[in-house]
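A.B. asks: Residue numbers (the working numbering), protein chains in the order written: chain A, 10 to 196; chain B, 121 to 315.
Simulated from the structure, these hints should not be mistaken for laboratory data.
Even glycine gets a Cβ: it sits at the ideal position worked out from N, Cα and C.
Be careful, since some hints might not be right.
Each computed DSSO-like pair below joins lysine-lysine, with the alpha-carbon atoms no more than 27 Å apart [claimed, not checked]:
no., chain 1, residue 1, chain 2, residue 2
1, B, Lys-278, A, Lys-109
2, A, Lys-127, A, Lys-110
3, A, Lys-90, B, Lys-278
4, A, Lys-110, B, Lys-199
5, A, Lys-109, B, Lys-199
6, A, Lys-96, A, Lys-185
7, A, Lys-110, B, Lys-278
Just some of the chain B residues that point at chain A, by a computed CB distance under 8 Å [said to hold, decoys possible]:
no., residue
8, Leu-168
9, Ile-172
10, Val-179
11, Glu-204
12, Asp-208
13, Asp-276
14, Asn-298
15, Met-302
16, Gly-304
This is what each chain is made of:
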Amino acid sequence: MAGIDVGGGHGGKRATNHEIPLIPFIDFLLCLVAFLLVTAVWSQMARINADARVPGPPKDEPPEEVKKEKQLHVEMRGERKFQLIWKEGNTVVNTIDVDKKPVPVGEQGDIKYPDLAKKIEEEWKQNGQHRAASDTKLDQAVLHTDNSTPFSDIIAVIDAIYSPHRDYSIGGKTEKVPAFNVTFSVN
Amino acid sequence: MSADKPLSRFHQPISVPGRRLLHHVPLKFVRKKVAGGGGRSVNQEIPLIPFIDFLLCIVLFLLASFSASGELPIDKNVKLPNAENVIDMTEAPMVAITGTQILVDGNPAGSTRAIEESNRLQRIDELFNVLKNKRDLWKQLNPTKEFPGVVILQVDRKVQALVVKSVFQTAAFAGYPNVSFMVGRLGKPGEGGGH
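Just chain A, same shape as in the assembly (with noise of 0.2 Å):
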């Protein structure tokens, strides 16, 4: 069994050398990852951003002057068709339809929008004003909705926005980052 020698014990004094119950650390430590694994939680839980467009809490200051980009509007209300709109300002510079074609994915009932997700992608490549990977601001795309679409079908356009992706670097290093902002409006 394991040991530590450091000599000495002669002469009537008591013995220096000790032995380390190894046995009952192993089983302490045994019983520590029976209680680790027993109580883990192997969870799949994420989460997708949005920001809101409402007033928040008044400021003192008062408000900054905004460029007026260019951004990408995304209209779930149609039945057959969403419609994406590049907005600058309150002008309209370009409208585009695309096809609402669902494509059921697993088996709890989520659906996805890969159709939508490739045209983002190209708008994106033709039209976003951030491509950059220097650039530390991200391209807008408002989300417009109706009051009765289901929060499923939220979230899959929601995902379809995310999916073009860009490089971002920061901190000398480059990772892969969403290249749309969403912001979800409640009007």
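For this one, chain A is given, so just place chain B on it according to the hints.
C.D. replies: Coordinates of chain B only, in the frame set by chain A:
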């Protein structure tokens, strides 16, 4: 027997079969070692030190893998949708929207029935007060830090957009403009998103 006549094979002395090489080494313990023979010891030492190292590694790994996402309380009545382009969970107030109830960190904070019946977007006062109190408490506890304003919504997949919008708007009014929707992770293993 004459010396010039070879012995027939039947006249050779009989010797016990067995190992011959290195059997004439005079030292007994050396002979035993080099000639073999003494059976293998039946006592085996279990290498305990590597075993303990292994256990310690497992313990450390399990302790390290304890994360916020593992301790998230998910309401039993909420069936979350799944998505691919997601990011890891963070610590933030959790607002659950079940079929009829709104809960903040497990405590009731309003009902969805009133919104559905009125069929118009409205601020949920109870939820607003709970979130505002949470925000004020956070600011008192962290006076030097900037308030992150993040709230996580656990929304059942069948809940109508009107209810989501009302909760969304109420959260923003209460000082939580950065809303995250809790979802299940779908496919694309190893990709974390990062939005």
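A.B. asks: A separate judgement is required for each hint: does it hold in the structure or not?
C.D. replies: Now the hints, each set against the structure:
{"no.": "1", "hint": "Lys-278/B - Lys-109/A", "result": "holds, 19 Å"}
{"no.": "2", "hint": "Lys-127/A - Lys-110/A", "result": "holds, 12 Å"}
{"no.": "3", "hint": "Lys-90/A - Lys-278/B", "result": "holds, 21 Å"}
{"no.": "4", "hint": "Lys-110/A - Lys-199/B", "result": "holds, 23 Å"}
{"no.": "5", "hint": "Lys-109/A - Lys-199/B", "result": "holds, 24 Å"}
{"no.": "6", "hint": "Lys-96/A - Lys-185/A", "result": "holds, 26 Å"}
{"no.": "7", "hint": "Lys-110/A - Lys-278/B", "result": "holds, 19 Å"}
{"no.": "8", "hint": "Leu-168", "result": "holds, 5 Å"}
{"no.": "9", "hint": "Ile-172", "result": "holds, 6 Å"}
{"no.": "10", "hint": "Val-179", "result": "holds, 5 Å"}
{"no.": "11", "hint": "Glu-204", "result": "holds, 6 Å"}
{"no.": "12", "hint": "Asp-208", "result": "holds, 6 Å"}
{"no.": "13", "hint": "Asp-276", "result": "holds, 7 Å"}
{"no.": "14", "hint": "Asn-298", "result": "holds, 6 Å"}
{"no.": "15", "hint": "Met-302", "result": "holds, 5 Å"}
{"no.": "16", "hint": "Gly-304", "result": "holds, 6 Å"}
Every hint from the earlier list agrees with this structure, and none is contradicted.
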